[in-house]
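Chains as they are written, first to last, in my numbering: chain Y, 297 to 565; chain R, 297 to 565; chain W, 297 to 565.
There could be a bad hint or two in this list.
Identical chains blur together in the list; that is why a pair holds if it fits in one copy or across any two.
[Stated by the list, open to error] In silico PhoX-like cross-links for lysine-lysine, where the CA-CA straight-line distance does not exceed 25 Å: (1) 302 / 527; (2) 425 / 485; (3) 527 / 326; (4) 527 / 485; (5) 548 / 511; (6) 550 / 319; (7) 548 / 319; (8) 422 / 556; (9) 425 / 548; (10) 511 / 319; (11) 319 / 425; (12) 425 / 556; (13) 550 / 425; (14) 511 / 326; (15) 556 / 527; (16) 326 / 550.
These are computed hints drawn from the structure, not numbers from a lab.
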Amino acid sequence: MYETIKTELQDGILTLILNRPDKMNAYTEKMSEELLHFYKEVNHNDNVRVIVVTGSGRAFCAGMDLSVGGSTFSSEQSSEEYRDLGGQVSLQVYEVNKPVIAAINGPAVGIGMTMTLPMDIRIVKKDAKIGFVFGRRGIGPEASSGWFLPRLVGIGKALEWTLTGRYIPTAEAVEAGLMQYESEDPLAKAYEIAREIVENTAATSNSFTRQLLWKMLGQEHPQASHLVESKFLHWAGQNDDADEGIQSFIDKRKAAFPMKVSELPNFFE
Amino acid sequence: MYETIKTELQDGILTLILNRPDKMNAYTEKMSEELLHFYKEVNHNDNVRVIVVTGSGRAFCAGMDLSVGGSTFSSEQSSEEYRDLGGQVSLQVYEVNKPVIAAINGPAVGIGMTMTLPMDIRIVKKDAKIGFVFGRRGIGPEASSGWFLPRLVGIGKALEWTLTGRYIPTAEAVEAGLMQYESEDPLAKAYEIAREIVENTAATSNSFTRQLLWKMLGQEHPQASHLVESKFLHWAGQNDDADEGIQSFIDKRKAAFPMKVSELPNFFE
Amino acid sequence: MYETIKTELQDGILTLILNRPDKMNAYTEKMSEELLHFYKEVNHNDNVRVIVVTGSGRAFCAGMDLSVGGSTFSSEQSSEEYRDLGGQVSLQVYEVNKPVIAAINGPAVGIGMTMTLPMDIRIVKKDAKIGFVFGRRGIGPEASSGWFLPRLVGIGKALEWTLTGRYIPTAEAVEAGLMQYESEDPLAKAYEIAREIVENTAATSNSFTRQLLWKMLGQEHPQASHLVESKFLHWAGQNDDADEGIQSFIDKRKAAFPMKVSELPNFFE
Chain Y
297 MYETIKTELQ
307 DGILTLILNR
317 PDKMNAYTEK
327 MSEELLHFYK
337 EVNHNDNVRV
347 IVVTGSGRAF
357 CAGMDLSVGG
367 STFSSEQSSE
377 EYRDLGGQVS
387 LQVYEVNKPV
397 IAAINGPAVG
407 IGMTMTLPMD
417 IRIVKKDAKI
427 GFVFGRRGIG
437 PEASSGWFLP
447 RLVGIGKALE
457 WTLTGRYIPT
467 AEAVEAGLMQ
477 YESEDPLAKA
487 YEIAREIVEN
497 TAATSNSFTR
507 QLLWKMLGQE
517 HPQASHLVES
527 KFLHWAGQND
537 DADEGIQSFI
547 DKRKAAFPMK
557 VSELPNFFE
Chain R
297 MYETIKTELQ
307 DGILTLILNR
317 PDKMNAYTEK
327 MSEELLHFYK
337 EVNHNDNVRV
347 IVVTGSGRAF
357 CAGMDLSVGG
367 STFSSEQSSE
377 EYRDLGGQVS
387 LQVYEVNKPV
397 IAAINGPAVG
407 IGMTMTLPMD
417 IRIVKKDAKI
427 GFVFGRRGIG
437 PEASSGWFLP
447 RLVGIGKALE
457 WTLTGRYIPT
467 AEAVEAGLMQ
477 YESEDPLAKA
487 YEIAREIVEN
497 TAATSNSFTR
507 QLLWKMLGQE
517 HPQASHLVES
527 KFLHWAGQND
537 DADEGIQSFI
547 DKRKAAFPMK
557 VSELPNFFE
Chain W
297 MYETIKTELQ
307 DGILTLILNR
317 PDKMNAYTEK
327 MSEELLHFYK
337 EVNHNDNVRV
347 IVVTGSGRAF
357 CAGMDLSVGG
367 STFSSEQSSE
377 EYRDLGGQVS
387 LQVYEVNKPV
397 IAAINGPAVG
407 IGMTMTLPMD
417 IRIVKKDAKI
427 GFVFGRRGIG
437 PEASSGWFLP
447 RLVGIGKALE
457 WTLTGRYIPT
467 AEAVEAGLMQ
477 YESEDPLAKA
487 YEIAREIVEN
497 TAATSNSFTR
507 QLLWKMLGQE
517 HPQASHLVES
527 KFLHWAGQND
537 DADEGIQSFI
547 DKRKAAFPMK
557 VSELPNFFE
């Protein structure tokens, strides 16, 4: 049982809820540990086709819990040992083998915002307060956002937002590509997309695609993608999901893909 | 003579036509071989200044020819030997030494869409059916699209489009940067841009620029670009195209660049 | 004393003025040397919090000074020795440890445009003439723009703009992310943003953030960012800026950050 998060699974869609509503779901060491545990475990659960992440109550996540005051970021670990909590979670989300959708239901600042960057689709509540405010707190980008943010919105927007630390109007966030949608009800929109994925696509395809796109961001030459795509296509060509996908297309009926994510080999080792 | 494609050359603009109109120009092994042959040869043809790629009939390319059914993607080659057909062509387009413009005159799905990603400028027919539909067929990204797509539209849009496999409204595709223009007559718009290039720019400049921008995407540090730009500028400074370009600017007349692409050294070896 | 540029420092904002107004601030070897000198020195000046770059008179920078005619780009140096002037400056701007804002107050073409790409925020005068015109002069991208431009606007726009060499409407430049703002008075807008940065953010945070975002563009894996972010956060957690940032937030007052950029260790060696 988790203390700071909770999970609900229905029809292949797992909802992960940040669950400290009286604290606007502020981030703690405990929450970080629980998220890390969750994202590791979920990779082995074939019943989960899509993950939707949201917050309990009116906020998504108000950032780091600052209730211990100025010493929030001080650590007894050495500089060599110390690892940013949010970054550890981001690197685990990067390795998740299912699509992850963020339903940002209210304010999301600091780690509340950066934790969503390694997710695949972000939907924000219209006019929610969002921003990369580190510079205004005397700290810096965390959760590997130095790597993720420019790849989502381009280096220009990334620099302007982080150097000013200003709040970002949600319409501007959509325009820039940080958010894919703004909505009065981000959770409903997230479920709509999640259902579209579950009902229409193969779990094996999506698992491969998610890993491919993130990992090819770091590759120098398109040949890297060609080689791993070739291995996947060769494998898919011998397996039942491609067979069903093509046959259902020819038959003009909805596909019923038989395979599980755990049947997909790891093509990225 | 090609069977599945045809080419026409006029005023320095080579039109490459996908030519299986009764099959909506669906992609076959033969088409892949012919495209590969074409893109290799065209690098040696100084009469070609710009390449425009379009489809015969009402479609651009309806994707892989699925007429053999569920076994479309099965191969007798081993996993080590097998290479995705579309990816081989994409890697060759990446090496082309002239600008390539896609005039997407109608439906473009699967390989019909991904084959255009290594081209330089994409123009789509307004409201044409386009999409990255692999997930709905139980297969995955091909044609090195795992590398190309996020570099065109950012990782956010790339993930949303490929994970849902949904059709993409052409206006959204323009907004996201996948398409540079939508048009009622994409071929006419492509020729307009091609003529602007032929009439105003130096073939040597454009050949270098195209290769530079694609190749610098994979470089870690801006110094890589500085070094190769320096070599090109040093060479250009001793040659006739720069001389004519600057003199014509001072004279306020249109430049008539004398040099051919084959005179350009390979600065990327 | 500089000949081709001048500088003014007020309230932590250093204005760097390209200062050949009778020549539309056209770029010369002298200007390049002076810019290089300036950007090296400014890294050691703690009184400078933000740099604003603009042009004297009605132009920002009309590009390379072509008054010597066709031989502008010819060099007596060997191909091995020759280094593009603009590229040397760009690589120095890339290493600057303060935010840099370009106030593009009028025409900016060629090096006038590419010199702004390694800056952090670009504001353009509405309807100013801007473009990447190398192809129309028989030369090629300079100032490391082959690396910078696609990372700002995506590879699609970068290719279209450089291959056609056409002028770019300023609204299109904003839409594409090349410019963050267009304004009737770009210098006033630049000062507004500069003041927002000076008054609200920690110099140490901004210096780290600027370097992080640019440098992580070249990294293959988000772990690279995680490791350097962790080192910075560990350091910040023991220092006064984070303490003041968090305490002022709790106290609901404006922060008064005590630290200087020179107190920030180099986390990128």
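Now the hints, each set against the structure:
1. 302 / 527: So residue 302 and residue 527 fail the 25 Å test inside a copy (37 Å) and across (31 Å) alike.
2. 425 / 485: both (19 Å within a copy, 23 Å between copies)
3. 527 / 326: between (40 Å within a copy, 21 Å between copies)
4. 527 / 485: The answer is neither: 34 Å in one copy and 38 Å across copies each exceed 25 Å.
5. 548 / 511: neither (34 Å within a copy, 42 Å between copies)
6. 550 / 319: Classified as between; 23 Å across copies, 45 Å inside a copy.
7. 548 / 319: Intra 51 Å, inter 17 Å, cutoff 25 Å: inter-copy only.
8. 422 / 556: Result: close neither inside a copy nor across copies, 36 Å intra and 38 Å inter.
9. 425 / 548: between (45 Å within a copy, 17 Å between copies)
10. 511 / 319: neither (35 Å within a copy, 35 Å between copies)
11. 319 / 425: Result: close within a single copy only, 16 Å intra versus 47 Å inter.
12. 425 / 556: This pair counts as neither: shortest intra-copy Cα distance 39 Å, inter-copy 30 Å.
13. 550 / 425: Close across copies (19 Å), not inside one copy (40 Å); limit 25 Å.
14. 511 / 326: neither (29 Å within a copy, 31 Å between copies)
15. 556 / 527: within (18 Å within a copy, 40 Å between copies)
16. 326 / 550: Neither: 43 Å inside a copy, 30 Å across copies.
The structure fails to meet hints 1, 4, 5, 8, 10, 12, 14 and 16 from the earlier list, while all remaining hints are met.
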